[in-house]
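Respectively, the protein sequence lines represent chains A and B. Residues in the first sequence are numbered from 589 upward in steps of one, following my numbering. Residues in the second sequence are numbered from 589 upward in steps of one, following my numbering.
These are calculated hints, taken from the structure and not from any lab test. One or more of the hints may lead you astray.
[Stated by the list, open to error] Among chain A residues calculated to face chain B with C-beta under 10 Å, some are: (1) Val591; (2) Ser617; (3) Ser839; (4) Asp915.
Ideal Cβ placement from N, Cα and C applies to all residues, glycine included.
Protein chains: 2
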Amino acid sequence: MDVKLSRAIFAPRSIAIIGASADSSKTASRPLRYLLDGGYLGSVYPVNPRVTDIAGRRSWPSIGALPEAPDLAFILLPADPAIEAVEACGRAGVAAAMVLASGFGESGAQGREREARLARAAATTGIRVLGPSCLGLANLHEHLVLTGNAAFAEAGISPGGVFCASQSGSMIGALLSRGRAKGVHFAGLISVGGELDLGLGELCEGTLDDPRITGYMLFLESLRDGGAIRRFAAGAAERGKPVVALKLGRSAAAAELATSHTGGLAGEDDVASAFLSDCGIARVDTLEALLESGTLLQCAVLPARRPRPATVGVVTTTGGGAALVVDQLGLRNVAVEGPNEKTSRAIRATGVEVAAGRIADLTLAGVRYEVMKASLEAMLASSQYDLVLTVVGSSARLQPELAVKPIIDLGNARGRLAAFIVPEAPEALAMLAAAGIPTFRTPEACADAIAATLGRRPARRLDLPKPRPAVPSHILDELEGYALLRELGVAHAPAAMAGDSDKPDPALFPAAVKVLGRNIAHKTDIGGVVLGVQSPAEFPAAARRVHEALALKAPALAARGLVVQRMVESAVGELLLGYRVDAQVGPLVMVASGGVMTEVLRDRALRMAPVDLDEAHAMLAELRGLALLTGFRERPAGDLDAVERAIVAVSRLAWRPEVVELEVNPLMVLPKGRGAWAVDVVARVAGPSA
Amino acid sequence: MDVKLSRAIFAPRSIAIIGASADSSKTASRPLRYLLDGGYLGSVYPVNPRVTDIAGRRSWPSIGALPEAPDLAFILLPADPAIEAVEACGRAGVAAAMVLASGFGESGAQGREREARLARAAATTGIRVLGPSCLGLANLHEHLVLTGNAAFAEAGISPGGVFCASQSGSMIGALLSRGRAKGVHFAGLISVGGELDLGLGELCEGTLDDPRITGYMLFLESLRDGGAIRRFAAGAAERGKPVVALKLGRSAAAAELATSHTGGLAGEDDVASAFLSDCGIARVDTLEALLESGTLLQCAVLPARRPRPATVGVVTTTGGGAALVVDQLGLRNVAVEGPNEKTSRAIRATGVEVAAGRIADLTLAGVRYEVMKASLEAMLASSQYDLVLTVVGSSARLQPELAVKPIIDLGNARGRLAAFIVPEAPEALAMLAAAGIPTFRTPEACADAIAATLGRRPARRLDLPKPRPAVPSHILDELEGYALLRELGVAHAPAAMAGDSDKPDPALFPAAVKVLGRNIAHKTDIGGVVLGVQSPAEFPAAARRVHEALALKAPALAARGLVVQRMVESAVGELLLGYRVDAQVGPLVMVASGGVMTEVLRDRALRMAPVDLDEAHAMLAELRGLALLTGFRERPAGDLDAVERAIVAVSRLAWRPEVVELEVNPLMVLPKGRGAWAVDVVARVAGPSA
């Protein structure tokens, strides 16, 4: 987004409010009122042909009648007149228009038709559009409050450093009010609506160079235009501005709701996780953590890739309260480790006995300033911990100065100190917030924020070739698929084409005999596979069986011939290895437990492609079914090194824009040192089948 | 607990504080101070031989010197002198003593020795003991505050209806202060500590007939004496007093922490869930829900066993805010359903268009009183819903009267209306609380409380025979095990004993040949199984192989002979069916996915035994691996009716106190109509092998 457009949206010198109401009981009267009450200093033009003045200001009959083309228009009209207004604004030279109305993409055929007209109005006039369903925006440093959301009616909203972008319009009000109660101050907030033209990524990118913005908070229902979000996130990372996101859709019900609610396509939730993680965005799951994680994200050092999971040390005066957080951290796979011998010795030097265990429980002795301070110092000095969390008990309420003073005096040492306050203790919370200590009010938000922060990874700026249009596309035949795998460096079981009357190479037996042809996705379903063919002598009969089955089940199939492939008999287990280009977020690589586990359990690990060997290793570690490949019961251990190399190889399809999708299923994992072999491959490439 | 003891603990007429300190900077000075400040009306005796008066009261040199035997003593001394004090109290006729000191069971050999001495002091003198590690108790209706917890130092704590019992001492203070901030008022709170003598169940039972107590809140680290908790819970249910519990240990880390922290044995977490559920106790996972679920539990009708999962209807003015709760409800398997045609028509009659979907999103129109009220009425009138949740947006903050009036005017209709307030809106929250509407502040706590409330079941009062002492015990041989299964009504594959030179019945082939003997838990590991013996002619060779393997791997084994069992070849899949008597909570029945899934995924469902067919059905439905038995890919569907009958049959071992443990692994599931067959069984019974 260029600077001029960014200024027009976030710091406009003039604004038109089209459809402003003179009736103060109407919602359409609010944006003008809030804008004026908020102390906006630019020019404001209410546009409403049916009245002559609104709130003491002249009301203009049309956008064309204004003395200048305003930078920004907020259009409060219903869907159809709103489209006309956008076109009029565009013709008049307005830089950007926010459309409040809903009733576009999400509302069936009529909605899609409106969406097309709105897009055309923008394209033909050059105006940029926010929305539809855009509930407004605020730039609090500029006294710009351009929304009807009731939360913005309040006086005394002090500006701060957080910029919030939300796909849900009503949430900007809730985040503003909840933030205030927690001492979270916003630089600005924006409801991005349906993202027809300007999307969340581009809008946020337009704010990156505002020095008053120190970090970002995103409320997401689904992902649209991943490329723009990635560019924004990379820009934010370069400027040291952390981004935290809450994305709906962890449950199937919510994923469906996001689809119907926003009219967009809700991706699978683990795709969103992989994408956000790859962009260096911290994803939280709780509303409280979205609001409370800012300080921790600001100060916590972005972890380098670690050889071990993130580790937290816990110092407390209240075992029960600490256990609440430890439980929640455990559920999020954050390790909590007790002090090692050296650290324990340093704590004991304060005169407190700390029992061996997962936390340093100082009990009541920890209420003493010197004991708590020295214990925290000892923990912070230890190289064991990525973060030291102090869990403060009832003393935080009765004697806030005493209870939190050791924490405040230590300061936020290298971003490695955080606090969870167990009782209700507003004073202690305020003191810690003022001192810049990341502080949490519930065990769930505390663990959520810590897991999201320590789990962050560096933002990746990917400059991949643009994927080719996938329409038309076709599926390679199996041997073409293997040729592609060989180019990538993925092994497969030996295979060769065979005519019906050929005598295939005995080295290929025992063999599978399969139909060979393009655009065949499921050979087995059409009877195109005969397994366990023991010798070349059995080949003709097998070939006959394939042909007979095909004649019955897929008479129209244009087969190229047959393929004979050696059966893999010494496999330890099987995996599924996949690659696809997601329309919103781009190329993805996936590995999943094979066979029954794939379908019943959806036991899979996903990453944005390409990945390196470390990442492939981490993917395998996520599979519950990995246990079957590492020496389960009497089985030998599988060649996981080969699997990791195969994952990396397939992920490099991200550099081959003609490949839309590829699935190796199964990938047979042989015993250690013997590799991993594809025994089927379905690869879809752009372009006609020829 | 008899009434006299209950009065002595919860409404004592006289109290001794042993080890009270005259130094007001010491923690040991607090209990006396808080007790006097709290306005306690009974007699108070500080006992401290080193001073003559404390806080203006005469200090007594010893418990024996007091003019009367007080009802209750709070002992603040360190562990060893505390034991002596308990004994002295017992001899003096004190009814109950609370021991503050820690350093008992949890602290190695010395701790266990102290624990034994403390138990002896109680047993020999007849005094009842609370603790060790008991941080005190409060009965706020009686102005009784007997604790050093700083949270109780505050003036103006108004009493209410909730009684809270906590295994974590420090949490009683945190719950008190957090409760106050949310308008939750307590009748009393107790830190039950290490439960050496009086446990949580018995203590809570002692409060059941207090009419001022309307419900219970439990903070649990582990389960001890399940029988007492069950009696308490059944009594609470009979009196219509709901019980909500937060139990630590969802994560492996916390389970371990609970073990080390309390010195008790932390059970597997799903055992705790099964037990609490069977007792009719609502289990929540978030601290906020523990505090906020009281009103919902009070008014929600205890569900009869349902033919379908609990269903919630959502009415909102804020799609994004509602989606937050829907997501959380989905994660907890609570169904959220859109209004059916009839309900939708009733809502449309208010003049609002509601899009088809999972929620009734009134958008801004719902801010109007009549629209919201009529829509809620329509939803409440529908038989679709167990609960109707209204999710209120920013208007709750700007115009609280307007936003929540329709909800308040409807009242808490048959316990089926609840509210989640999305913005920060303390006034709206207070109004709803005053009107008795269950109201929530975070989507997570809201969903947690709803899932726990709708998932409750009637408390079961079980009067099972007492289990026989399990030491000594022995494992039945396989044929004895089958005889037991036949008595229960569980089928098994045909099997018979065979001597080495016997000619076994041809009907048993193809067969497995296995070693037969008592106390053999893992036949395969010692080479005691040969599979796939095709005919009686092959039997001698198979018998030889078993004997040779045993001679090598288990030379000391005293085998009774061999068993020949027909191989089950047409099974759809396999399950594991188990029964055991847990030391804390009693008899449990378990069904688990068999084979690889059992070990890798721990895919299992647990219940307290005995269960009926409906419950057995529900257990199967919990298994992810069930998909493999209901017609997966080309497989036939399995005989799940037979599996359910087998679960019920095995669960009835709860009436056979001599059986300590039984495991059928595998239970082969045959195609529909053909049954389910045990092909191995390990049953442990009390008594010597003889």
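Now the hints, each set against the structure:
1. A least Cβ separation of about 31 Å between A:Val591 and chain B goes past the 10 Å threshold, and the interface hint is therefore violated.
2. For A:Ser617, the interface hint is violated, the least distance from its beta-carbon to any beta-carbon of chain B being 13 Å, above 10 Å.
3. Among the interface hints, the one on A:Ser839 holds; its C-beta lies about 3 Å from the nearest C-beta in chain B, closer than the 10 Å criterion.
4. Interface hint status for A:Asp915: upheld, as the beta-carbon distance to the closest one in chain B is roughly 3 Å, under 10 Å.
In summary, the structure is inconsistent with hints 1, 2 from the numbered list given earlier, while agreeing with the others.
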